[in-house]
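Chemist: This is what each chain is made of:
Number of protein chains: 2
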Amino acid sequence: LEINRGKKKVIGAADGKEFQVDYDKLLIATGAGPTPLPVPGADLPGVLMLKNLEDGRRIKSYLNQNPVKRALIIGAGYIGLEMTEALHELEIQVRLADVAEDLVPWAPPEMRAIVQEELKSKGVEIRTGCEITEIQRSGGGLRVVTKKDPIDVDLVLVGIGVKPNSEIAGAAGLELGPRNSIAVDKTLHTSDPDIFSAGDCADAFHIITGRRVWIPLALRANRAGWAVADNLKEDKVFLPGVAGSSVFRVLDVEVARTGLSPREAAEAGFDAVDAVIKSRSRAHGHPGNTDIHVQLVAEIGSGRLLGGAIVGKEGAAHRIDAIAVALMAKMTASDFFQCDMAYAPPFSPVWDPMLTAANQLLKKL
Amino acid sequence: LEINRGKKKVIGAADGKEFQVDYDKLLIATGAGPTPLPVPGADLPGVLMLKNLEDGRRIKSYLNQNPVKRALIIGAGYIGLEMTEALHELEIQVRLADVAEDLVPWAPPEMRAIVQEELKSKGVEIRTGCEITEIQRSGGGLRVVTKKDPIDVDLVLVGIGVKPNSEIAGAAGLELGPRNSIAVDKTLHTSDPDIFSAGDCADAFHIITGRRVWIPLALRANRAGWAVADNLKEDKVFLPGVAGSSVFRVLDVEVARTGLSPREAAEAGFDAVDAVIKSRSRAHGHPGNTDIHVQLVAEIGSGRLLGGAIVGKEGAAHRIDAIAVALMAKMTASDFFQCDMAYAPPFSPVWDPMLTAANQLLKKL
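Quick note, the sequences are listed as chains A and B, same order.
Numbering-wise (our numbering), the first sequence opens with residue 1 and increments by one.
Numbering-wise (our numbering), the second sequence opens with residue 1 and increments by one.
Bound conformation, chain A alone (with noise of 0.2 Å):
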């Protein structure tokens, strides 16, 4: 597939036979593609990417033909993550392996710790900072070789990232943005303004950095595909750009994030400073209770809140929520303290644990 821009034609070939498509307007939307693991054996049956629903009925299918009593997935971002729970729900014997040497490595030490006791709790195997490679049969099932100890498994799940597929623009002559991801103003045009991109293969602009980035979740792809259906005759929405925040379940633990981390702000130039409390996520005596523990990051000087996170085994995957608007709003701490959330003794302490992460964050300010 191949894109004319001067002569506004789209050329291809399909069944062995060249096609060509006029167009007026185009839209590019050819998302993202996963990461291939680079070693050798990873073609192996058995060895299976995690990314599209494709893959998923794969994985599935082989489930069904093969006896799987023990996996190994490679990946500990949030679907390596979340597979973690499917295949525990099966009662496999789950493996995790991360060339990273932390979980989470985003999130304050508190946080990493709980998403690590749960794993370790339900008898995950979690092996950080692990060098795969390669590959190989090994009797019925497969050995994966690493730096150190081999890890032999009957599956392995693939989950290593992302990438944009954006070669078609890029051999185009648009303008690349992060990632090799498609640039995109905030009406979604490209540097071509008759050629839009949407979806995973498009960067957005942050709104705390003001910056280009290429974080690849559901809502803004679905967000900016309706943004270029409204904007196809002329510029009618305006996406003011995403905040990077997204949840994820690893088995009962809620982990939660929106905006910068103190590492992400001071890399974007901010003088930044975080406050982390632990709280609880309901009323004192109430049945039910559990720890919660929130993460507030704000500018020093302004004061401006510049992201947070919050990890617990309820109620950390919708309060993300409150946090993400205030970055839209650019609130400040002070502001966002004085917010009036609600309060059930089901549902929180009277001071959310929100706000008792802002008062703490105060006091740092």
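Hints listed in this document are in silico derivations from the structure and should not be mistaken for laboratory results.
Hints should not be assumed to be uniformly reliable.
Given that identical chains are not distinguished, each listed pair holds provided it fits within a single copy or across any two copies.
Stated by the list, open to error - Under the rule of at most 25 Å between Cα atoms (straight-line distance), these lysine-lysine pairs were calculated in the DSS-like manner:
(1) K233 / K363
(2) K236 / K330
(3) K122 / K60
(4) K69 / K148
(5) K364 / K69
(6) K330 / K186
(7) K364 / K236
(8) K186 / K25
Guided by the hints, dock chain B onto chain A, whose structure is given.
Modeler: For chain B alone, coordinates are given in the frame of chain A:
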């Protein structure tokens, strides 16, 4: 107890002895008290109030000492609805009576129906538009006489509202606010600069209308107490006000609100419109998926968000805080629609129900 503002003294009597206390600064934190049920028999044993911790202990002790199979809760406010759950869990047959024609009258019909259905499906008998004229002893139990059929039960719980304990403030000539609450400014001073008031006895400014309101809830009471401590020597803490955010659980349903209902918005002089949508609590096909209803209210013209309500079996309670933050930030429906909410299949559809509501609301603005 009496305040002599001229002499800056509090004069009272305890154990038959008069006492006087001089003050430089005085805090009135007298709270709120239950509205009594103004009918004969309201003082019979087995007719108990629902307001403070002591009432809770009395109810517990009554339940331990008496065989209670059938209870009537008078007043379907959030305290009454929460007690319904507590008694239902004790396998007591609960009847719920309120003089109003509707349960949760501020909510749109779709939401009211869900609360009603939830109560009915768990065997709670609802009597709305119920005027009680007398309570009588009847056999071993109580007969509650109404303008329609009488209700025979073993226990009557009364939670028909509260009123501010502001007599002492009124007698001292301090300015009173709505419902005779004690009027305070944003630094918690009453009309006398040396007298503060905080807690359920004091009023607050509503962040949407800018007007004084009396919405006695725990967070504001707590926040105001802290602010008085901070402001004793000089005004350091300024409380912008409340949005009236509240949440309660009715059996398995979460009911949450913040800001103004369409009716309250109209009464405050806003040209307001609302959208009510039904969405799902989780992604399509995710197990445990349930209905969730979201209402958003905005001002026609400016598009400013004025309020919201959420009802559902999960995720209603914590989502409401995102709307509360938007209200504090004076966000428009359009800005709110652009917020980057977190998505994962166990927690919401790709478009969070709040965004779906904002989208529908935008079509009406």
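Chemist: Evaluate each hint against the coordinates.
Modeler: Okay, the hints, checked on the actual structure:
Taking CA atoms no more than 25 Å apart as the test, K233 paired with K363 passes between copies only; the shortest distance there is 19 Å, against 51 Å inside one copy. In the homo-oligomer, the alpha carbons of K236 and K330 lie at most 25 Å apart both inside one protomer (24 Å) and across protomers (23 Å), since each shortest distance falls under that limit. With identical chains, the CA atoms of K122 and K60 are at most 25 Å apart within one copy only, with a shortest distance of 22 Å there and 39 Å across copies. In this assembly of identical chains, the alpha carbons of K69 and K148 lie at most 25 Å apart only when taken from the same copy (23 Å versus 66 Å across copies).
Taking CA atoms no more than 25 Å apart as the test, K364 paired with K69 passes in neither setting, with 50 Å inside one copy and 55 Å between copies. In this assembly of identical chains, the alpha carbons of K330 and K186 lie at most 25 Å apart whether taken from the same copy (18 Å) or from different copies (23 Å). Taking the shortest alpha-carbon separations for K364 and K236, only the inter-copy value of 17 Å comes in at or below 25 Å, while the best intra-copy value is 42 Å. In this assembly of identical chains, the alpha carbons of K186 and K25 lie at most 25 Å apart only when taken from the same copy (17 Å versus 55 Å across copies).
Consistency with the previously given hints fails for number 5 only.
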